[in-house]
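Based on the sequences and whatever the hints tell you, model everything.
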Amino acid sequence: MAEAETPVAPEKPEPVRVYRHRLPVRIWHWINALTLLILLMSGLMIFNAHPRLYWGEYGANFDRAWLVIGSTADTGYLRVGNWRIDTTGVLGRWTDAQGATKTWAFPGWATIPTSYSLADGRRWHLLFAWLLSVGLALYMLWTLLGGHLRKDLHVRRAEWSPRHIWHDAKDHARLRFPKGEAAARYGILQKLSYIGVIFVALPLMIATGLTMSPGMNAAWPWLLDLFGGRQSARSIHFITAWALVAFFLVHIAMVLLAGPANEIRSMVTGWFRLPQERET
Amino acid sequence: MSDIILPRRELIARAGGLVAAAGALPLLAGCDVINDAPAVRKILSMGEEMNRASQRALIDRNALAREFSRADLSPYFRPNGTRLPAGADYAAHAASGFAEWRVKVSGLVARPLSLSLADIRAMEQRTQITRHDCVEGWSAIGQWTGVQLDRILEAAGVRDGARYIVFRCADRIGDALYYESCDMIDARHPQTILAWALNGAVLPIANGAPLRLRIERQLGYKHAKYVNAIEAVASLDGIGAGKGGYWEDRVDYEWYAGI
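Protein sequences, first through last, are from chains P and D. Numbering follows my numbering, in which position 261 of the first sequence is assigned residue number 261; successive positions increment by one, without gaps. Numbering follows my numbering, in which position 213 of the second sequence is assigned residue number 213; successive positions increment by one, without gaps.
For the record, the hints were derived by calculation from the structure and aren't laboratory data. Keep in mind that a hint or two might mislead.
[As the list claims (entries may be wrong)] Just so you have them, the derived chain P footprint on chain D, three or more residues with Cβ under 8 angstroms:
hint, segment
1, 53-61
2, 72-84
3, 128-140
4, 144-151
5, 245-255
C-beta atoms are modelled at their ideal positions from N, C-alpha and C, and glycine is treated no differently.
Structural data, given as structure tokens:
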């Protein structure tokens with residue numbers, strides 16, 4: 001029939017929009033993203049000044065290191081304990097943008113600044129450490145007082161069941177994400193990882209960072225007891241930094257898989273479009 | 001299954017894009033331009049001022065750095081900085097066991113002094129086992145014996161108006177002699193000593209013989225070695241490049257190195 005041939009756009013239901021992230025979450029998220037990137041890259045520069053890690057109070061070149069990034073005449077390597085892997089081209093021995101061979105641990109593209117400067121790396125690191133610390137303190141306060149913890153991050157009793165956690169883990173592994181109303185709320189693994197970052201990993205970074213300060217050691221000597229010495233604190237600082245990198249990678253993967261435009265928009269404007277149930 | 005495979009492909013494509021973006025060289029060059037901009041350097045140096053002010057507010061002026069036992073000593077104390085000062089002058093001093101070595105105390109003092117090692121050893125001594133933290137990240141524990149700087153400053157009678165103590169050294173790095181400085185809080189601190197012994201033996205040359213500063217609440221480069229002059233001054237202007245130390249002048253290390 002003639003009428004039927006006229007193209008009529010099928011009635012598409014308006015997506016349901018929910019206000020998902022309040023302003024403090026969004027502001028802190030983006031400030032923190034930049035701050036952590038700068039802290040990581042300047043931290044790798046500082047590590048390059050002495051690319052060896054120890055346990056205990058002391059540790060220098062003549063002492064046994066549990067982790068070393070080093071170089072031989074023509075290779076770069078990473079050694080952890082007795083396990084050693086060739087990392088030529090990436091760690092220990094690499095080629096810079098001008099084609100020159102360098103033997104610093106982390107390559108120039110991963111550090112601030114790109115060429116070796118412990119002094120500049122420290123300047124960036126120790127300034128942005130303030131931004132991280134003050135930002136985290138304010139955010140924690142808001143999380144506790146503003147209801148973010150109670151409303152969004154609080155793990156309910158039913159969620160603690162191993163069956164529920166396993167179910168959520170399986171869904172994540174199969175890249176099956178919640179649809180409709182459920183998508184607006186955090187899942188159990190999401191809650192645990194955000195709580196882990198805000199209340200465990202970031203405070204640990206700050207505390208182990210302060211433990212490396214000889215001034216702070218005089219003010220708060222218990223920091224040394226808490227972490228088992230300055231070099232242990234340095235090792236924990238390094239490990240936790242990579243745990244945060246691991247969080248970042250999973251976080252980014254989840255954002256990309258769950259719909260990057262919608263996820264990023266919601267972290268900018270606060271508004272999230274509920275993903276529709278698929279009909280098939 | 002098909003609805004699972006699609007996003008994976010998408011992920012790989014997007015990840016590839018990210019890697020390409022991260023590898024973009026202009027971006028990296030841009031980072032270094034930012035790093036070198038004068039305004040940025042001004043902002044970056046705010047961190048040092050915040051650290052100094054907050055640590056000075058937080059740390060009691062007499063709070064001690066942790067002292068350890070002999071069981072905690074590093075098997076080998078790694079030297080920092082110069083290992084052997086160049087020049088015939090220093091070599092002659094070393095050959096004679098530093099018998100002629102003098103530490104001149106001058107500047108804003110009532111009684112300028114010229115102290116021999118014997119003079120210094122005749123004063124009341126302090127022995128402390130402390131951890132040395134290099135700015136690079138390593139640490140070594142050593143036992144130091146020497147005289148508290150405070151006693152020397154008392155003997156010289158530091159005048160009002162002196163705000164800093166400058167330490168002159170016999171080691172030359174490149175074009176200039178090493179030097180360092182600290183404020184009066186650290187200068188008067190009970191653990192701030194001029195040490196002549198390490199681990200119960202006379203200080204080795206690599207560790208700063210015959211005298212080195214121990215300033216235990218700050219990083220290693222503040223611990224001036226081969227000290228031959230101490231000056232009380234009102235301002236650091238006009239000394240070196242005016243930033244209070246050899247590395248501070250040259251590579252922008254922090255003058256306050258408590259962190």
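Hint-by-hint comparison with the structure:
1. Evaluation of the coverage hint for the segment 53-61 of chain D: fulfilled, as 4 residues show C-beta separations to chain P shorter than 8 angstroms, against a requirement of three.
2. Evaluation of the coverage hint for the segment 72-84 of chain D: fulfilled, as 5 residues show C-beta separations to chain P shorter than 8 angstroms, against a requirement of three.
3. Closer than 8 angstroms: that is the beta-carbon criterion, and the segment 128-140 of chain D has 9 residues meeting it against chain P, so the requirement of 3 holds.
4. Using a Cβ-Cβ cut-off of 8 angstroms, 0 residues of the segment 144-151 of chain D lie near chain P, which falls short of the minimum of three, so the contact claim is violated.
5. Counting residues of the segment 245-255 of chain D whose CB lies closer than 8 angstroms to any CB of chain P gives 5, so the stated coverage by that chain holds, three being the minimum.
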